[in-house]
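Number of protein chains: 4
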Amino acid sequence: MIIAELTITPLGEGTSVSKFVKEAFKAIRATGLKIELTPMSTVVEASSIDDIFRAVKLGEEAMLKLGAKRIIIDIKIDHRLDKDATMESKKRAVMEE
Amino acid sequence: MIIAELTITPLGEGTSVSKFVKEAFKAIRATGLKIELTPMSTVVEASSIDDIFRAVKLGEEAMLKLGAKRIIIDIKIDHRLDKDATMESKKRAVMEE
Amino acid sequence: MIIAELTITPLGEGTSVSKFVKEAFKAIRATGLKIELTPMSTVVEASSIDDIFRAVKLGEEAMLKLGAKRIIIDIKIDHRLDKDATMESKKRAVMEE
Amino acid sequence: MIIAELTITPLGEGTSVSKFVKEAFKAIRATGLKIELTPMSTVVEASSIDDIFRAVKLGEEAMLKLGAKRIIIDIKIDHRLDKDATMESKKRAVMEE
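Chains as they are written, first to last, in UniProt numbering: chain A, 1 to 97; chain B, 1 to 97; chain C, 1 to 97; chain D, 1 to 97.
Simulated from the structure, these hints should not be mistaken for laboratory data.
Be aware that one or more of the hints could be misleading.
The list treats identical chains as interchangeable, and a pair is accepted whether it falls inside one copy or across any two copies.
Calculated cross-link-like contacts (lysine-lysine; reagent style DSS-like; alpha-carbon spacing at most 27 Å) [stated by the list, open to error]:
| # | residue 1 | residue 2 |
| --- | --- | --- |
| 1 | K69 | K91 |
| 2 | K19 | K91 |
| 3 | K22 | K91 |
| 4 | K34 | K91 |
| 5 | K26 | K91 |
| 6 | K22 | K65 |
| 7 | K34 | K22 |
| 8 | K22 | K83 |
| 9 | K65 | K83 |
| 10 | K69 | K83 |
| 11 | K26 | K65 |
| 12 | K19 | K57 |
| 13 | K34 | K83 |
| 14 | K57 | K34 |
| 15 | K69 | K19 |
Extracted from the complex, chain A is given alone in its bound form (with noise of 0.2 Å):
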């Protein structure tokens, strides 16, 4: 699986910015892709690049609706070919003793 961590943040509206990237979150969920909401980024699993791509446009989509007038879009991918890591073997090998 392709895992990807996803920060979209709207410039210009203030401080608070969580009814904006609410609105993305939930855009992102509805893609029905496996996701982990942290503190500062929303985790997708997804089996394209295309996947990830399509999931960020909708969130970012989501916040232009709101009205934002400039977005800042962060996104690393972690794309692994040799072996299939999922959001939970990434996290299982850094805890497992």
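Given chain A, put chains B, C and D in place with the hints provided.
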């Protein structure tokens, strides 16, 4: 509080780096700061940026001790002064209906 | 315009990855988009997020062709709708006295 | 040398933040470290991670002085021990045919 998302990656140690990430995670956890492991990073909550940077250096040192010869560090810091944001309050603000 | 900062890094190919980065850079340059190489990334200017994502995929494919088995992609996108920002206008705004 | 890519963004100061970025850039430049402005960040070359972190704090302080109430800091550090990489050598390695 100041919240930071840290990813420390050794380059040149093969495709599987969990041995290194595990030691860095342990070093960061030993700081006693509140932390959360995600599939892509470790989120840390601290009262100063110096505490964040100290945790990063401890994590990197743990990898250097294992012999890493090149390390990529990604840090994203959310420093909010108008409200005492925490890891929990940031997630709650997104999850609340 | 939409401006993006791209860093594509192969994991597991030794500490020196310039052979991979060079091929990815050539593939991104071949898109014809306006680009700027920095010591840490390639900055790209495009009229749509799809163009940015297409350039990223071409860069990654170039590394996959060289045999990379794990690839970390970092993308930071600045999408401004209230003003036509360009790579030059963003730098000028910072450098102007 | 250690090379880092820094982006310091004030949240809540409108869509145009160049007034803040300019002051942060000046503060980082005043450290005397070798720097390069890109359309998305400032790249810094230093002999220690402490120098990088000091530059980041000076940049943030410049924005706080202007009244910023929430600041997002992105730092990507490339720390190579097996070779003395510089900003120039990294770019040359990609551009050389």
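Now for the hints, and whether the structure bears them out:
no.: 1; hint: K69 / K91; result: between (36 Å within a copy, 20 Å between copies)
no.: 2; hint: K19 / K91; result: between (29 Å within a copy, 12 Å between copies)
no.: 3; hint: K22 / K91; result: both (25 Å within a copy, 10 Å between copies)
no.: 4; hint: K34 / K91; result: both (15 Å within a copy, 17 Å between copies)
no.: 5; hint: K26 / K91; result: both (24 Å within a copy, 13 Å between copies)
no.: 6; hint: K22 / K65; result: within (13 Å within a copy, 31 Å between copies)
no.: 7; hint: K34 / K22; result: both (17 Å within a copy, 24 Å between copies)
no.: 8; hint: K22 / K83; result: between (33 Å within a copy, 18 Å between copies)
no.: 9; hint: K65 / K83; result: between (39 Å within a copy, 18 Å between copies)
no.: 10; hint: K69 / K83; result: between (40 Å within a copy, 9 Å between copies)
no.: 11; hint: K26 / K65; result: within (13 Å within a copy, 36 Å between copies)
no.: 12; hint: K19 / K57; result: within (18 Å within a copy, 29 Å between copies)
no.: 13; hint: K34 / K83; result: within (18 Å within a copy, 31 Å between copies)
no.: 14; hint: K57 / K34; result: both (17 Å within a copy, 22 Å between copies)
no.: 15; hint: K69 / K19; result: both (15 Å within a copy, 18 Å between copies)
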